[in-house]
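Student: The lines below spell out each chain.
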Amino acid sequence: MTNSIADIHLADVLLVTGSNTTEAHPVISLEMKKAVRKRGAKLILIDPREIELANFAALHLRPRSGTDVALLNTMAHVILAEGLEDKEFIAARTENFEAFKEAVRDCTPQWGEDVTGVPADMIVEAAQVYGRARSAAIFWAMGITQSSHGVDNVQALANLALLTGNFGRPGTGVNPLRGQNNVQGACDMGGLPNVITGYQAVSDENVRVKFENAWQTKVKIPPKPGLTVTEMVNGVLDGRIKALYIMGENPLLSDPNTNHVREALEQIEFLAVQDIFLNETAQMAHVVLPGVSFAEKEGTFTNTERRVQLVRPALPIRGEARRDLDIICDLGQRLSGVSADDSTDVVHPVTNWNYAGASAVWNEIAALTPTMAGISHERLVPHGLQWPCPAPDHPGTPILHKEKFTRGLGRFTPLTFREPAEIPDAEYPFVLNTGRILQHWHGGTLSRRSEGLDWIVPEGEIQINEADGARLGISTGDWIRVKSRRGEATGKARLTSKLPRGMVFMTFHFAEVPANALTNDAVDPVAKIPEYKVSAVKVERA
Amino acid sequence: MIKPDRIVTTTCPYCGVGCMLNLHIKDDVIYRVTSPFDAPANHGNLCVKGRFGYDFVHAKDRLTQPLMRKDGALVSAGWDEAMEYVASRLLEIRDKYGPDSIGFLVSAKCTNEENYLLQKVARGLIGTNNVDHCARL
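Protein chains in written order, with our numbering: chain A, 1 to 542; chain B, 1 to 137.
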């Protein structure tokens with residue numbers, strides 16, 4: 001998020017799109033509802049489904065799946081046509097405006113209606129509400145990014161904020177709601193193929209030399225970015241990847257086109273899995289290393305507003321499981337040939353892989369990462385710190401891009417609408433949309449083991465529109481089969497008026513109703529994110 | 001009313017909101033979860049998962065021993081044997097096929113420190129940028 005959760009109550013307008021906030025980020029949705037009910041903020045909701053936030057929305061736009069760029073470009077067109085843009089902000093802080101203006105010139109409300117199915121006057125009204133706000137904040141989640149043109153979608157949202165000067169002030173900004181507890185931190189820590197900590201690019205020689213020297217490596221860090229998850233799986237199948245080390249992930253349930261993932265893991269030469277459960281992926285491993293849960297370890301998580309917060313051990317370790325940090329350090333010692341004698345010497349933890357706890361590891365991160373140089377575990381008491389925090393006396397940064405953008409000027413991106421990779425046809429007439437529900441989590445490994453949660457929602461349902469159900473002779477509770485070009489899943493039907501006609505909705509929490517056997521592994525060309533939200537499927541009685 | 005042996009302040013393991021938790025512990029069991037009202041992200045609010053979703057910590061099927069595949073089946077093994085096997089297989093595969101034949105998936109559920117160190121293993125010891133996690137999924 002460019003801004004903070006505490007900012008939500010300072011916004012006059014909230015634009016929420018591709019986020020079922022009440023189910024996936026429930027506590028943030030409370031702040032949104034409060035902003036609407038108590039402060040009179042206007043909520044513009046863009047979502048094909050009638051999700052709970054629709055009850056709080058001044059405007060609910062329900063576009064056809066995958067037409068986000070067309071809708072957002074049309075809103076930009078209207079803002080320009082009505083002179084609602086922030087001319088001062090555009091002149092002082094942005095570039096490439098003329099090219100952007102040209103790109104949205106033909107995106108008239110009528111064109112927008114034709115492409116997205118949202119009535120033209122509703123798009124106009126949404127643009128007016130957003131464009132006239134003193135402060136407007138945009139929020140999104142995977143409904144925007146999990147698309148074969150996810151980067152375009154995000155840039156289209158950023159264009160709107162640039163156009164109206166909604167950056168760098170309280171109650172504004174572009175605010176992705178991150179899914180996992182520490183997905184922000186895993187990215188910040190260099191858990192990505194192209195960057196090391198704090199988004200320092202591997203392509204930059206100075207960065208590589210800095211880390212090689214600090215770590216005293218015997219190998220060179222390659223200048224070329226590595227492979228993404230989806231590419232690694234393909235890499236196994238085409239023979240480029242021979243071994244995978246997987247920590248705390250279950251790609252066999254969470255990746256798209258899971259039949260393809262299974263095929264890859266069946267033929268891999270070596271698979272090591274470090275986890276707390278023998279999940280679907282671990283069952284295929286050659287070695288399984290038992291780590292510990294969040295309640296048995298120390299360290300930090302970074303939340304969606306870039307706040308680094310402490311994780312403290314509350315329970316003893318079970319059996320012979322080991323702290324994940326200790327497992328990795330053990331591996332580091334064995335791979336680097338540090339002898340047991342050397343490894344007891346805590347004076348050189350950087351090369352000896354012998355750290356005096358997570359705090360010492362953090363100090364190494366801070367020393368190598370300018371945006372986090374001022375953060376230490378001691379400073380995280382009591383309320384954490386939001387990066388960038390470049391110095392020990394820096395208070396952290398609740399709002400990014402105040403005086404200037406990271407790159408200097410904010411750049412408008414001219415965008416052309418493109419259809420999703422797979423659109424419904426005569427054989428596969430439905431759009432499959434996937435997502436979360438409040439009571440469960442991701443692949444279900446955690447939440448389905450929690451008795452209370454599993455009692456509330458014990459099984460995965462397949463939602464379809466009630467008119468579609470009636471036409472197919474399906475009632476709520478009937479067993480149905482959903483098929484795509486990649487696989488099939490069987491589960492109980494739930495007819496609902498909340499979905500638009502032609503849409504099927506499934507969660508990916510239930511291994512026995514595996515939505516990701518169906519989803520398309522087509523990816524965005526830049527971000528390599530799979531198109532989970534739009535797959536063509538057919539529905540039949542099981 | 002049960003009196004806790006201790007109350008530990010920590011961060012919720014579910015979504016990206018980052019709610020602050022107080023875990024109430026009795027006999028090494030999390031029996032109650034609350035949140036301080038001055039918590040920066042959640043002001044004492046928690047969702048149903050954040051308040052009640054912790055049975056997994058105490059689940060009977062938690063892994064407590066390393067496992068190695070022998071004759072097709074995963075069987076219990078000692079730490080030294082398991083770690084030595086992982087390290088030697090990774091080094092063998094690197095020497096035979098090159099560093100980019102190995103991939104690492106770090107974790108959006110693990111801590112910053114763990115993620116940092118695992119990508120350090122990949123980049124600094126194996127010599128590959130094949131590091132990713134489920135950020136896109």
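In case anyone wonders, no lab produced these hints; they're calculated from the structure.
Check before you lean on any hint, since a few could be wrong.
To be verified - When the alpha-carbon atoms are kept at most 30 Å apart in a straight line, the in silico DSSO-like pairs for lysine-lysine are as follows:
#1 B/K60 <-> A/K220
#2 A/K492 <-> A/K101
#3 B/K96 <-> A/K528
#4 A/K218 <-> B/K26
#5 B/K26 <-> B/K60
#6 B/K96 <-> A/K224
#7 A/K224 <-> A/K210
#8 A/K492 <-> B/K60
#9 A/K210 <-> B/K26
Unchecked claim - Far from chain B by the CB rule (all over 12 Å, computed), these chain A residues:
#10 G191
#11 R318
#12 L400
Glycine is no exception: its CB is placed at the ideal position from the N, C-alpha and C atoms.
Student: Checking one constraint from the list: CA of A/K218 to CA of B/K26, max 30 Å. Satisfied?
Tutor: Given that 30 Å is the threshold and the Cα spacing comes to 48 Å, the pair is violated.
Student: Is the Cβ of A/G191 more than 12 Å away from each Cβ in chain B?
Tutor: violated (4 Å)
Student: Take a quick look at whether A/K210 and B/K26 sit within 30 Å of each other, Cα to Cα.
Tutor: With Cα atoms ~47 Å apart, A/K210 and B/K26 exceed 30 Å; violated.
Student: Assess, step by step, whether the Cα of A/K224 is no farther than 30 Å from the Cα of A/K210, and give holds or violated.
Tutor: holds (16 Å)
Student: Are the Cα atoms of B/K60 and A/K220 separated by 30 Å or less?
Tutor: This hinted pair is violated, its Cα atoms lying about 44 Å apart.
Student: Starting from A/K492, check that the Cα of B/K60 is at most 30 Å away, please.
Tutor: The hint holds at about 29 Å.
Student: Check the non-interface label on A/L400: least C-beta distance to chain B beyond 12 Å or not.
Tutor: holds (17 Å)
Student: Just to be careful, I want the Cα atoms of B/K96 and A/K224 compared with a cutoff of 30 Å; is the pair within it?
Tutor: holds (21 Å)
Student: Does B/K60 lie within 30 Å of B/K26 when you go C-alpha to C-alpha?
Tutor: holds (18 Å)
Student: Under the criterion that the straight-line Cα-Cα distance not exceed 30 Å, is the pair A/K492, A/K101 satisfied?
Tutor: violated (48 Å)
Student: Over 12 Å from every CB of chain B: does A/R318 meet that, or does the non-interface label fail?
Tutor: violated (5 Å)
Student: Holds or violated: B/K96 and A/K528, Cα atoms, limit 30 Å.
Tutor: Judged against 30 Å, a Cα distance of about 29 Å means the pair holds.
Violated hints for the displayed structure, listed by number in ascending order: 1, 2, 4, 9, 10, 11.
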